[in-house]
Each structure stands twice: as C-alpha cells, then as structure tokens.
Amino acid sequence: MGEFIMKILEALFGGGNTPVSQQIMYLQMDLLKDIWETLYSTVIATVFAYVIGLPLGVILVTGERGGVRPLPRPLMQVLNILVNLLRSVPFLILMILVIPISRAVVGTSVGTVASLIPLVVAAFPFVARLVEGSLRESDRGVLEAAQAMGCTPAQIIFKVMLPEALPSLITGFTTAFITILSYGAMSAAIGGGGLGSLAIVNGYQRRMNLVLYVAVILLVILVQVFQSFGGWLAVRVDRRINRAAKKTRRPKPERAGVH
Amino acid sequence: MIELKHISKVFPTADGDLQALTDVTLTVNDGDVYGIVGMSGAGKSTLVRCINLLERPTSGQVLIDGADLCAMGEKELIRTRRSISMIFQQFNLLMQRTCLKNITFPMEIAGVRGEAARKRALELLDVVGLPDKADAYPAQLSGGQKQRVAIARALASDPKVLLCDEATSALDPKTTRDILRLIKDINRRLGITVVVITHEMAVVEEICTHVAILDHGRVMETGTVEEVFSNPKTEAGRRLVYPDRVVIDQFPAANVVRIAFNGGSSYEPLIASLAIDCGVKVNILGADTRNIDGKAFGTMLLGLPADPAEAAKAAAYIKSQPDVTMEEVRDYHG
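These protein sequence lines are chains Y and E, in that order. Numbered by the working numbering, the letters in the first sequence go through residues 1 to 259 in order. Numbered by the working numbering, the letters in the second sequence go through residues 1 to 334 in order.
For the record, the hints were derived by calculation from the structure and aren't laboratory data. Hints may contain errors.
[What the hints assert, rightly or not] DSSO-like, lysine-lysine: derived pairs with alpha carbons at most 30 Å apart:
hint	chain 1	residue 1	chain 2	residue 2
1	E	133	E	174
2	E	184	E	160
3	E	174	E	5
4	E	75	E	174
5	E	133	E	101
6	Y	159	E	5
7	Y	159	E	101
8	E	319	Y	159
9	E	119	E	133
10	E	133	E	160
11	E	101	E	233
12	Y	159	E	174
13	Y	7	Y	33
14	Y	159	E	133
[Said to hold, decoys possible] Here are some, though not all, of the chain Y residues that point toward chain E, as calculated from beta-carbon distances under 10 Å:
hint	residue
15	63
16	64
17	139
18	142
19	144
20	145
21	146
22	148
23	241
This one's a predicted model, so the numbers in the text were calculated from it and none came from an experiment. Just so you know, even glycine gets a beta-carbon here, dropped at the ideal spot from N, CA and C.
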C-alpha cells in the first residue's frame with residue numbers, strides 16, 4: 001500500500017533531481033520550523049504594522065476638515081501622500097529599497113528578522129487605510145450625539161468610534177493578517193524563512209515539486225483558517241445583529257490586498 | 001433661559017454660499033416646551049444645532065442662562081454641553097453597547113462610574129418605562145423603545161435643557177403620542193426646558209407651550225401656541241397651521257373668506273344662524289378644527305354668495321361674532 005502511494009507520488013512529483021523519499025525526509029525535518037517561522041514573522045509584523053497603522057488610520061479620519069480633531073491641512077496632505085507612496089511601491093521592490101533601513105535597525109539585510117522591516121513598512125500604510133475605511137463607516141449621527149453630550153475628542157475616538165467600529169476593524173485585521181502572510185512568503189527573496197522560502201527556494205529553485213506543493217497547500221490552509229476565524233469573530237462581537245438573524249449573515253467577501 | 005440673538009448661519013458650498021439662517025432671534029424661558037416648526041429646508045435642524053453649538057453660527061450669540069456659548073473655550077463648551085441634552089430622529093444610540101451602558105455613557109464621560117452610575121441608569125430605565133431592557137442591545141428594540149432609551153440617556157446628565165430634533169418623525173402615530181407624552185411628563189415633573197424641532201403641527205399642538213415659525217431661515221412669528229394657532233399672522237404661519245387640505249379650485253365661488261375661531265365658539269351654530277338670521281346661504285369649502293387645551297380653535301373656508309349685497313350682509317354678520325375673525329382670501333382661484 002505504502003509502496004503504491006510512493007509510486008504515485010514519484011510519478012507526480014519526481015520530475016526534479018530529488019527523489020520523493022528524500023523530499024519527504026526534507027519536509028519532516030523542516031516543515032514545523034517553517035510553519036512556525038511563517039506564523040511568528042506574520043504575527044510580529046502585524047503587531048508592528050498596527051502599532052503604526054492604527055493611530056495613523058485614526059488620524060486620517062479624525063484629522064481631516066470637519067473631523068473630530070482637525071489637524072493642519074498640510075500635515076494631513078503629507079500623511080496621505082506618504083501612505084499612497086508606500087502603498088504604490090510593489091512589495092518586491094520595496095524589500096530592496098528598505099535594505100539600508102534593515103541594516104541600520106537589525107544590523108543585517110538578510111534573514112527572517114531582517115525581512116520583518118520591509119513587511120512592516122509595506123503593511124502599516126495598508127493597515128492605516130483599512131482602519132480609515134472602518135472608521136469612515138461609523139454613523140455620523142452617533143458621533144454628533146457624542147459631541148452633543150460633551151465628549152472630548154479623545155473620548156469620541158476611544159469610547160465611540162473605535163468600539164462602534166470593532167466588527168469592521170476585526171474584518172480589516174483579518175485582511176491585513178492574510179496580506180502580511182502572503183508578503184512574508186515573498187520575503188524569501190531576501191532570505192526570509194518560512195513556508196514561502198520552503199516553496200520558492202527548496203520547492204521551485206531546487207525543483208523539489210512535492211515540497212513546493214505541500215508548502216503552497218499549507219499556505220492556502222492557513223489563509224482559510226484565519227479568514228474563517230476572523231469572519232466568525234467579526235460576526236460574533238457585532239451587537240447590531242440580532243442573535244436570531246446571526247446564522248444567516250455571512251462575513252463580507254474580502255478584496256485581495258497583495259501586490 | 002435660552003436666548004438666541006441675531007443668529008445667522010452661512011454654509012459655503014461649491015455653488016456659492018448657502019444662507020441657512022438669517023438673523024434669528026428668540027427666547028426660550030425656563031420650563032417652556034418650545035416648538036420650532038417649519039417645512040423641510042426651513043433651517044430647523046441647523047437652528048437647533050446652533051443651540052449646543054454642533055453648528056457654530058456665522059454671526060450672533062447663543063446665551064444659555066446669560067453665558068455666551070460662542071465665546072467659550074473648548075473645555076467650557078464641553079462642560080456646558082453636558083447640561084444640554086439632545087435626542088434625534090435616528091436615535092443615535094451606541095449600537096455595540098447595551099441599553100444600560102448607553103444610559104451610563106454620559107455619566108462615564110463626566111467621570112461618574114460604577115455602582116452609582118448603574119443605579120441611576122436603572123432608575124432612568126424605569127422612568128422611560130423599560131425596566132426590563134437593561135441588558136438588551138439597541139438592535140433588539142423597536143423604534144419607540146430606542147427613543148425611550150435615548151431619552152433616558154439624555155436625562156442621565158441631569159440636563160437643564162432637552163433638545164428634540166425631529167424626535168418622533170421616524171415613529172408611527174401611536175408611538176409618537178407615547179413619546180410626546182413622556183417628553184411632556186419629563187418637562188412637568190423635572191422642570192426641564194424642552195426645545196422641539198418638527199415639521200408636524202400635531203406635535204406642537206400636543207406638547208408645546210410656545211412656538212416659533214421658521215421659513216427660509218427666518219423666524220416669521222413667535223408666540224404661545226394658542227396665539228399662533230388661532231390667528232397666524234404670516235403667510236408661512238398660515239401655510240403650516242392650515243395646510244390646505246381641500247383643493248379650492250374644485251369649488252367655484254366668487255367671494256371666498258377664511259374665518260378663524262379663536263376659542264369659545266363652536267362651528268355649526270354660526271353657519272346655521274347665518275342662514276336663519278340673515279337668510280344667506282354660504283358654502284363651506286373647507287374646514288380644519290382643532291382642540292387645544294379644551295378650547296375650540298380652527299379655521300373654515302367659506303364661499304359667500306355671488307350677490308354683493310348678500311355677501312356684505314354675511315360678512316357683517318360674521319364680523320359681529322365674538323371670538324371669530326374673518327379675512328378675504330386673495331389667492332383664491334375661482
């Protein structure tokens with residue numbers, strides 16, 4: 001039986017230089033470590049992207065004219081241009097552009113830790129736009145009510161805007177996390193580890209087809225798991241939905257955010 | 001006391017400036033239920049937003065108990081706003097908070113927390129008749145219930161003034177009456193001054209003591225509800241008080257007069273006695289009668305006979321009646 005499966009695998013994936021049995025050994029050795037590296041770098045990058053992107057997204061909404069706490073227009077223009085600029089550079093090129101920053105911050109431009117820098121630089125403007133979008137959905141009437149009640153701008157932001165937008169922020173977070181996951185896979189190009197590196201360097205460049213497919217399938221599964229969980233959580237926390245009606249509601253389909 | 005002095009508001013738009021309010025001056029005394037009424041686009045919502053400075057007037061003064069809101073710094077303004085509550089057509093509750101947490105919200109932002117706030121919120125839920133909805137979310141409530149929660153929230157900061165911006169316009173007639181009764185009750189029991197913005201005369205009639213008629217951003221007339229309803233002095237006032245429910249074109253007649261009953265009189269005897277005493281038959285083209293505080297008010301559109309002598313006789317007879325005023329309708333197209 002096992003031999004039969006091996007034969008099929010050999011026929012499917014044995015086209016390269018490495019026999020399937022060796023590819024399997026390779027996977028057994030590295031797979032867990034690669035999954036871990038993918039998750040770890042995605043989580044760290046997402047955290048930092050939100051540390052910068054969340055306040056920036058809030059400012060993009062509250063700082064504009066007629067916002068909760070208007071800021072000088074030139075400052076708003078600079079922020080908008082900065083976000084657009086970073087959003088428009090393809091990630092593959094951005095990785096190369098930020099090499100000097102990586103060297104300055106982590107001392108090297110190669111490896112998993114160094115690959116976090118371009119990830120964060122690419123993701124925080126994306127996160128800022130996602131947060132901006134979520135907050136723009138907030139009901140103007142509710143903000144007006146809060147203002148009429150004598151809320152300070154900070155109270156409006158922290159007690160009204162952010163809590164009221166929580167379901168949408170969670171949906172955005174899911175999108176951001178998945179986008180960063182796929183950016184991370186690309187960072188194999190500059191020596192980042194993880195499933196992306198497994199697929200590109202070992203799977204593709206060393207022509208280990210089985211390794212390539214396993215890595216890709218695992219990435220797909222990870223994306224599905226996080227998307228499903230994020231969608232479930234967004235509905236779960238949303239109090240605008242009646243419990244009875246909850247079953248029929250589905251999370252909004254996500255736009256892919258990958259360059 | 002709320003004093004609006006020479007309030008003007010201009011909105012700059014792409015097509016030039018939009019003059020929303022022009023030289024609005026009015027005074028709301030403590031304990032009044034003051035109706036500001038006008039057609040849509042008359043500037044009512046802008047005006048009420050000027051009272052708590054959600055809209056900053058382009059010129060003029062907003063005085064609350066003598067203090068000018070426009071001259072206040074942000075901190076002082078925020079403190080003053082906490083004594084002026086507001087309810088809205090769309091309720092504007094926090095959808096991710098329970099009813100109880102919505103009601104504690106104004107206390108929370110003012111620094112009152114914990115058990116004291118909770119107790120007060122439960123009391124207020126009782127006041128508005130929803131003692132069992134503390135843990136429900138707004139999405140689980142009907143429109144009328146949401147407005148009750150909004151009213152409870154508005155009362156949580158112990159305000160001096162309650163502003164109602166079309167607060168019943170999204171509700172059905174029965175719920176509207178219940179909510180109005182609640183607002184009136186709050187005004188009487190707690191002595192809170194109420195300013196009501198509405199396009200519905202029925203709302204003014206139901207709860208207001210005073211009324212201002214707003215048209216194209218100007219105050220056309222002000223007075224007690226009795227004064228304005230029994231005898232509106234301006235065209236805008238008449239349009240609102242007597243929305244012509246009859247298309248007068250359907251009734252050809254030569255001399256059309258509008259008579260107004262100012263209380264104390266009833267309708268049929270006048271027309272009947274006109275026929276008996278003068279032998280003059282008049283045509284009732286339309287009638288709109290109201291009952292305000294137990295007195296009869298209303299208006300009737302009469303077609304007098306074509307013969308000038310008979311018409312004059314009828315007119316003289318009507319004019320001689322107490323509590324009745326008469327005017328010719330010039331814009332009538334026979």
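* Asked: If you check each hint against the structure, which ones fail?
  -> 3, 4, 6, 8, 11, 12, 15, 16
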